[in-house]
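Given these sequences and hints, build the entire structure.
No gaps in the numbering here: position 320 of the sequence shown is 320 in the UniProt record's numbering, and each next residue is one more.
These aren't lab readings, by the way, just hints derived from the structure by calculation. Not one of these hints is a red herring.
Distance ranges between label pairs, derived from CB positions:
{"hint": "1", "residue 1": "Trp-573", "residue 2": "Gln-87", "range": "43 to 49 Å"}
{"hint": "2", "residue 1": "Thr-591", "residue 2": "Thr-183", "range": "52 to 58 Å"}
{"hint": "3", "residue 1": "Gly-388", "residue 2": "Arg-245", "range": "37 to 43 Å"}
{"hint": "4", "residue 1": "Gly-252", "residue 2": "Arg-483", "range": "52 to 58 Å"}
{"hint": "5", "residue 1": "Asp-20", "residue 2": "Gly-100", "range": "27 to 33 Å"}
{"hint": "6", "residue 1": "Thr-183", "residue 2": "Glu-318", "range": "55 to 61 Å"}
SDA-like cross-link-like pairs, simulated, lysine to any residue; straight-line CA separation at most 25 Å:
{"hint": "7", "residue 1": "Lys-332", "residue 2": "Arg-349"}
{"hint": "8", "residue 1": "Lys-191", "residue 2": "Asp-272"}
{"hint": "9", "residue 1": "Lys-288", "residue 2": "Lys-389"}
Bear in mind the structure is a predicted one, so any value in this text is a computation, not a measurement. Think of the CB as a built atom: it goes at the ideal place given N, C-alpha and C, for glycine as much as any other residue.
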Amino acid sequence: MTDTLIDRRDLAFQLYEVLDTENLTTRERFSEHNRDTFDAVIETADKMAREKFATHNSAADKDEPKFVNGQVEMLPQVKEAFDAYAQAGFIAGRYDYELGGMQLPESVMAACNGFFTAANPGTAGYPFLTTAAANLIRVFGNEQQKTTFLPNMLSGRFSGTMALTEPHAGSSLADIRTSASPTDQGHYLIKGAKIYISGGEQSITDNIVHMVLAKIKGAPAGVKGISLFIVPKYLVDDEGKPTERNGVNLAGLIHKLGYRGTTSTALSFGDDAPCHGYLVGEPHQGLKYMFQMMNEARVGVGFGAAVIGYRGYMHSLEYAKDRLQGRKASEKNPESPQVPIIDHADVRRMLLAQKAYSEGGLALCLYGARLMDDQHTHPDEQKRQEAGKLLDLLTPVIKAWPSEYGPKANDLAIQVYGGAGYTREYPAEQCWRDNRLNPIHEGTNGIQALDLLGRKIWQDQSHGLQLLMQEMQVDLQAATTDRCQQWALSLSETLQQAVKVTQSLGKSLMEGDPDRTLANASCYLHLFGHIIVAWMWLRQANAAAHALGSANTDDERNFYQGKLQAAQYFFHWELPTVAQDLVLLRNQDDTCLNMKADWF
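In structure tokens form, the structure reads like this:
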């Protein structure tokens, strides 16, 4: 089986030929880097992912963590991989040199982390959550909290989690019941229960730092009364060293379809002993703070879905080239040699779809990472603000589109394998099981649809949408070859129809009929997502068409031709599917809205 996690040639194309990542080195924050240092850290990530993470991916799936005598038992290779990741500096990779970081661009860190997720999403979850939790403390914590927790988290001594969901509330955070009572000692006593907490208990770090949403006694109702707390597994002294056990306990492990290497936990706070929590920032502002971590996680979920889809594609592509079966329809001699199944057009269809989904999703997520870089480091303040608005608008799409089409790519990978794909002797079925979580966690795709149509499109008088259309126009005008011009025209026509539908939906929302308008939000997310990914494919096609003329080897010519053919697949096979969405949205179809529960 192939050990290719992500095609390095494709990654270099995305980073340097489409996104011009090397140009980031002209900015002060990244001035000590160059393309060689970027490539070196990517090479390290690829090698470490294959040697430390991929080697126990199947084993961790089969021998998932166990709850024994109140403790979690897990494979020792998980800790070895986590420690290697931390010691190589990846947890702190994006952070300041003063914090032990490498000051790497988000674009490069995202590319690096793609290898680890593709290799072993279960083990990769622990350091990724730690990085996001640490960033929450870095931005909103006070100086004592930063001094106490950041060095330990960035070094990998402590891990981090996000504890939002409660058994009775699910995604409805307004209904959480976990409480926080102030004490005279400056901390709060936390009381409640959380569920589906990834990494909530494990045996790989000295401490676990939970970022917990809770309501202070007497807080306003709903989301306006939510505060954010640091709740460590072990209390720490002034030097940040773990001391006595805090009152947060593992109530049980949840057994999942996939992602089995990452513990999914039910946690209790304050049941058996007092549970100390430390308020982050201002009271009742917790959801605003947590949205930073949630939005980072949503981009991460989309990236994970894209690269797991990519991993399955790599496996099925290798299998299709090696597996001999049948003959072409034009071959009448039954004794002629069998051909590799990749010679059959329908197998190429399934591989092209996977390529379109995986490489399109990768392009979308790397574009989101580049927006993060621009938001924080662009020398022009206006450009920083514009990048932030674009990222905010696109976050629901970056999360939802790859997490819908990554699993579809894995489903097609299983189909390419045929009966072998349905067995655990081959890797495609685990890719699908792992990826099936991504449409659910960090806000289901239905929630992303409501967020996009109900809020993000209209923010700041739709300024983000206007910026997006300006950005798209640049690439539409850059389409100068006959093929690219044809695709640009198709995208432009679809975009114009989408704008008219959006205006109509906006009018309905203003007239006070949100239930009817938002009933088909999933159609709008599909329409919007396909337009954005078509744009990503036009950007790739423009770059490939430009480079093809100067390609001087067969491998390079084949690479660029493959990009153009995958773009053609998306424009011929995928973009036309939004016609149904346009009809349903234009008519504000009431089929689902008017269905009664008693009719099922």
